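Now for the letters of each chain:
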Amino acid sequence: MAKMGSLKTSYKEDMALFQNTWVKVWLGILIAGLVICPYFVSNYQLSILNEMAVAVIGALGLNLLIGYTGQISLGHAAFIAIGAYTTALLTGDLGLPFVVSLPLSGAMAAVLGMIVGVPALRLKGLYLALGTLAFGFIVEYVIFHWDLTRGDLGMAVPAISVAGFEINTERQYFHLTAVMAVLATIVAKNVTRSKIGRCFTAIRDRDIAAEAMGIPLAKYKIMAFAISSFYAGIAGCLMAHYQRWIVPGSFDIHQSIAFIAMIVLGGLGTILGAVLGAILITAIPHAIVYATDLFKDSYPVFGGLIVDFKLGIFGLIVVLFLLFEPHGLAGIYRRTKLYWKTWPFRY
Amino acid sequence: MRAGRIILSLVLAAALCLMAAGVRAAEVRGVTDTEVKIACLVDFTGPGKYAGVPISDAFKDYVAWINDTGGVNGRKIKLIVEDNGILPPTTMQAAKKVILKDNVFAIAFNLGTAGSSAILPLCEENQVVMMPHGANKVFYDPGNKWVFVPHTVQFSMACRAVEYILGKNPKARIGMIYQDDGFGREGLEGATAAAKFMKSEIVKAMPYKTDTIDFSPHMSAMKEAKVDWIVLWTYLPQSAAIIKEKVKMGWDVKLISNNTTGVPPLFGLVKELADGYLLVTPYAPAHTDLPGIKKAKEINKKYGDFAKQLGNPMYPDYLYLAAWGYIAATVEGLRKAGKNLTPESFVAGLESVKDFDMGGMCPNITFGPKRHVSSFSSLVLRADGKKMQFVIEDELKEPKTPQQ
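Residue numbers (the working numbering), protein chains in the order written: chain Z, 1 to 347; chain C, 1 to 404.
Among the hints, a few may not be true.
What the hints assert, rightly or not - Here are the simulated lysine-lysine pairs, DSS-like style, with alpha carbons at most 27 Å apart: (1) Lys302/C / Lys296/Z; (2) Lys296/Z / Lys397/C; (3) Lys296/Z / Lys49/C; (4) Lys295/C / Lys223/C; (5) Lys223/C / Lys248/C; (6) Lys296/Z / Lys60/C; (7) Lys296/Z / Lys24/Z.
Because the hints were derived from the structure by calculation, they are not lab data. Because the structure is a prediction, the values reported are computed rather than measured.
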């Protein structure tokens with residue numbers, strides 16, 4: 001008979017990264033799938049998967065800040081821009097290798113994230129949201145007007161080259177972005193199950209109580225901004241090299257909102273939620289493209305309607321999720337898992 | 001033994017996959033013996049959505065006409081019109097879709113400068129010729145093998161505007177109000193270059209944020225600077241707001257603008273106040289009876305909805321005609337590429353287009369190996385407030401200011 005639950009008899013078991021054998025098996029299947037899928041899907045589908053992998057990294061970072069620490073940020077796209085422009089300047093203008101520019105892009109975003117985190121010590125809720133939004137506008141303005149960043153026509157970014165091997169094809173990029181997304185997920189999971197993660201959660205749940213328990217708010221709030229921005233910087237760096245050209249218009253408020261939608265729809269405060277949300281939000285425009293193509297020839301009017309209402313469709317999905325599934329995709333996953341675990345019983 | 005068989009099977013499978021990939025690589029994307037796929041990326045949902053419909057109308061009409069008359073070198077054109085939302089991220093998605101999913105041979109139109117910049121590496125990587133529409137000097141100077149610009153760019157038009165002013169009055173004090181983006185700055189660059197070339201200067205230049213509607217500070221600053229001409233590198237709503245502000249101030253300053261404002265809806269916004277408003281554009285108004293315009297109207301009557309399109313006095317005709325130039329250049333390039341159509345032969349075909357007759361609708365199209373922009377010439381149009389239409393004030397001319 002299958003076990004109805006998992007009894008943990010030690011802290012080590014409770015804190016394990018892989019809670020049981022099934023988790024390891026499923027992860028093995030997922031990794032095997034990631035390894036072989038580039039050989040079975042088209043270049044277009046691979047390009048969508050690449051977008052998803054980069055979005056996963058960005059969403060994981062934002063989820064650590066908003067979902068785990070409760071610090072709202074509307075400026076996430078700005079940190080992605082900082083990562084993207086840092087690597088463009090380092091690899092394009094200074095000729096530094098990608099292996100150097102990748103951590104430096106994350107570090108540059110993290111340093112600026114820490115600076116933004118300082119006002120967060122005094123700001124909460126809407127005021128913090130406005131502060132981060134203002135930061136986003138400032139970054140957009142600077143990259144738009146600074147000669148170094150070449151204004152709104154943007155700048156070229158060289159292809160990734162590691163030890164003389166150049167990454168050019170969608171498949172090669174997928175291997176890189178998938179590895180980075182998996183690494184980012186493992187690191188995020190480790191952060192959340194460490195002392196740092198518990199401090200983040202305590203601050204989110206009640207910051208005064210957390211401080212009373214001896215958690216230094218300033219240190220952990222700034223740390224949350226730094227880690228979140230580091231993730232965004234890495235995502236920006238990968239995105240820049242993948243797209244090979246960056247323009248300020250790619251990092252506007254819409255992108256920040258898209259990242260918030262990812263973590264909200266995925267499920268705030270869960271690693272799985274950030275991953276699923278990033279996949280869903282990235283997939284929606286492409287699903288609309290597929291739907292439009294499907295109906296374009298047989299029902300041209302319907303196909304045209306989808307184009308007219310595609311922004312509305314996106315918004316409708318978000319609203320429906322917020323109304324009917326506030327715990328997001330992670331909530332659906334949890335319920336489904338529980339259903340099968342307890343089947344045929346209801347509890 | 002069993003493991004050996006599995007390894008052998010895997011090696012064979014991999015070899016078959018590689019062979020299949022090799023066979024695919026030998027084909028030319030988007031080209032068969034009977035068909036060539038061409039994409040047109042326009043905005044139906046973003047800030048430039050007013051342009052999407054007329055541009056796609058022109059593409060649909062022209063392609064229907066070409067296909068009806070036998071196609072190009074025996075191939076029919078399959079047109080794929082895709083919404084690019086004009087912004088860089090949405091343009092990137094649209095370009096990926098048409099290149100990687102629909103396998104188009106070329107992107108014969110992409111609306112938006114920043115979006116065109118963003119998709120350039122994707123086009124280069126996949127050897128897809130791209131024709132951007134926007135502020136385009138950056139796309140031909142320095143040139144790019146895969147980019148062709150089949151119209152006069154903002155830089156050249158701004159040069160023409162300033163040269164026109166200084167031709168009328170060499171001592172004119174010129175001010176400029178420009179949109180603070182690539183489009184406006186290219187206009188400023190052209191105006192400044194022409195003023196310098198003509199040994200004059202832009203005495204006052206003021207940028208504005210894209211959505212600005214209140215221009216009282218800008219106009220007051222222009223008045224303080226005692227300018228007698230203002231060059232506007234603005235979009236339609238901003239030009240209308242400036243015309244209204246000028247009238248409100250009771251100031252008889254002369255205004256000259258760019259092609260984007262040369263559309264009949266300007267009269268809907270400011271009515272007879274538009275009288276005397278000048279603009280520089282490569283496209284003649286659709287109400288003229290130039291041979292190129294007549295031909296476009298005939299084709300539009302046959303394949304489009306003439307009453308709602310070129311037959312409609314409020315239709316944004318310049319967008320239709322601009323798109324006409326793009327698809328005409330593409331088709332001529334395909335024709336010159338010959339039966340053996342490849343990205344390389346298409347580039348060579350386009351580079352061999354010389355003085356392709358546009359019947360006065362816009363400058364004739366000429367490309368070359370070192371020139372991927374079709375023309376530097378433009379007309380000056382004047383708004384006739386009584387007739388509510390634009391009339392030709394000055395013929396097609398190329399600026400004297402160096403363009404490359």
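Here's how the hints hold up against the structure:
1. Lys302/C / Lys296/Z: holds, 23 Å
2. Lys296/Z / Lys397/C: violated, 43 Å
3. Lys296/Z / Lys49/C: holds, 20 Å
4. Lys295/C / Lys223/C: Distance of about 45 Å is beyond 27 Å: violated.
5. Lys223/C / Lys248/C: Since the Cα atoms of Lys223/C and Lys248/C sit roughly 13 Å apart, the hinted pair holds (cutoff 27 Å).
6. Lys296/Z / Lys60/C: Within the cut-off at roughly 15 Å; holds.
7. Lys296/Z / Lys24/Z: violated, 43 Å
The structure does not agree with the numbered hints 2, 4, 7 stated previously, though it agrees with the rest.
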